[in-house]
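Peer 1: These are the residues of each chain, in order.
Protein chains: 6
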Amino acid sequence: MPLINVKMTHEDGGATKEQKEELAKELTNAFVKIFNRGQNSTVVIIDEVNTDNYAIGGKTITKIREEQK
Amino acid sequence: MPLINVKMTHEDGGATKEQKEELAKELTNAFVKIFNRGQNSTVVIIDEVNTDNYAIGGKTITKIREEQK
Amino acid sequence: MPLINVKMTHEDGGATKEQKEELAKELTNAFVKIFNRGQNSTVVIIDEVNTDNYAIGGKTITKIREEQK
Amino acid sequence: MPLINVKMTHEDGGATKEQKEELAKELTNAFVKIFNRGQNSTVVIIDEVNTDNYAIGGKTITKIREEQK
Amino acid sequence: MPLINVKMTHEDGGATKEQKEELAKELTNAFVKIFNRGQNSTVVIIDEVNTDNYAIGGKTITKIREEQK
Amino acid sequence: MPLINVKMTHEDGGATKEQKEELAKELTNAFVKIFNRGQNSTVVIIDEVNTDNYAIGGKTITKIREEQK
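From first to last, the protein sequence lines are chains A, B, C, D, E and F.
Just so we're aligned: the first sequence equals residues 1 to 69 in full-length UniProt numbering.
Just so we're aligned: the second sequence equals residues 1 to 69 in full-length UniProt numbering.
Just so we're aligned: the third sequence equals residues 1 to 69 in full-length UniProt numbering.
Just so we're aligned: the fourth sequence equals residues 1 to 69 in full-length UniProt numbering.
Just so we're aligned: the fifth sequence equals residues 1 to 69 in full-length UniProt numbering.
Just so we're aligned: the sixth sequence equals residues 1 to 69 in full-length UniProt numbering.
Hint data in this document are derived by calculation from the structure and do not stem from the laboratory.
There could be a bad hint or two in this list.
Any copy, or any two copies together, can satisfy a pair, since identical chains are not distinguished.
Stated by the list, open to error - For lysine to aspartate or glutamate, the following EDC-like pairs were computed, each having C-alpha atoms within a straight-line distance of at most 16 Å: (1) Lys33 with Glu18; (2) Lys63 with Glu18; (3) Lys69 with Glu11; (4) Lys59 with Glu21; (5) Lys59 with Glu22.
With the sequences and hints as input, model every part of the structure.
Peer 2: In structure tokens, the structure reads:
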């Protein structure tokens, strides 16, 4: 039962339900293909994080997006 | 100061405040009983995750619950 | 690309956008000062957690705050 | 399939295999008792962390233990 | 810069360096394909966990493997 | 009791004990300065990750370092 945790910014309305289903399926398939186990047991948890709470190089994504406009 | 992090799906209205209090108490007690430390310092953090964002075997819990109906 | 994840209780209206910007900047600077790398690549993710979901010594922060009143 | 992650310091030779088995069992039981689910699916992962890498109040546990001697 | 964290048991000598390279590449590709971003910035971190420290249904993987023999 | 978790690659012999002490102190100070709490209770946990297990843009740090030579 491998665990795969994804942390991504919540932007432009966020990931859709369909994108999350596809992500869960694709990440699981990638693991199974390489290690030949986990098909039924791989757990995927997706955390969508507000851009105020996510920073790179000391700058929040909110600020980076503002500067990109 | 052991840290215990619980990730669980948010279903049926979610865990109640009382269930979370009980969970924090019971998990802490379990740790203390076995290791004889952490009584005042164990930290418990509970993450409730949307069923769209939690998957097993490549399928989101949302989808699994729909199929179970 | 070091990753710094902060988990803190969401209290008194929560951290402001400015506090989070400052936190991201200061934590990144601290890392860079010590290890001399990560200036542009350090990722900071801040999780604000409901006080019902955060406990210490087997008691939720919600309960601890009530008793402190 | 709730996930329970424990982070604890590795001290005095570390937790024994038996203690870890007991911890996994007790934490799982605590969850099941309160939420009435997860009996077969709860995942417990235990991270034992070097005391050099674990700090409280800005001081590593290594340093705290030295001062306690 | 999405982050993908994989936790898996360390078994049979553990994942090889090649498998880990492939895993990092495949997980990144899966994310990029669905969200059309993250190609250069997705971070993948793989934690291999001792089977004594990984349990499901209240039983460590060490014990489960012994019973499967 | 805020929690600060740092994940960084283990390179060039790894962070020294002194660097880790300094990191724990500086990160704690940064938090305290901004939020005016957590002085005695902030927990810092540092995870040093093998460069085979850490990737960016689908490439492990091991590979990136080899190409930089």
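Peer 1: Compare the structure with each hint and give your call.
Peer 2: Comparing the hints with the structure gives:
| no. | hint | result |
| --- | --- | --- |
| 1 | Lys33 with Glu18 | between (22 Å within a copy, 13 Å between copies) |
| 2 | Lys63 with Glu18 | between (28 Å within a copy, 11 Å between copies) |
| 3 | Lys69 with Glu11 | within (14 Å within a copy, 32 Å between copies) |
| 4 | Lys59 with Glu21 | between (31 Å within a copy, 7 Å between copies) |
| 5 | Lys59 with Glu22 | between (30 Å within a copy, 9 Å between copies) |
Checked against the numbered hints listed earlier, the structure breaks none of them; every hint is satisfied.
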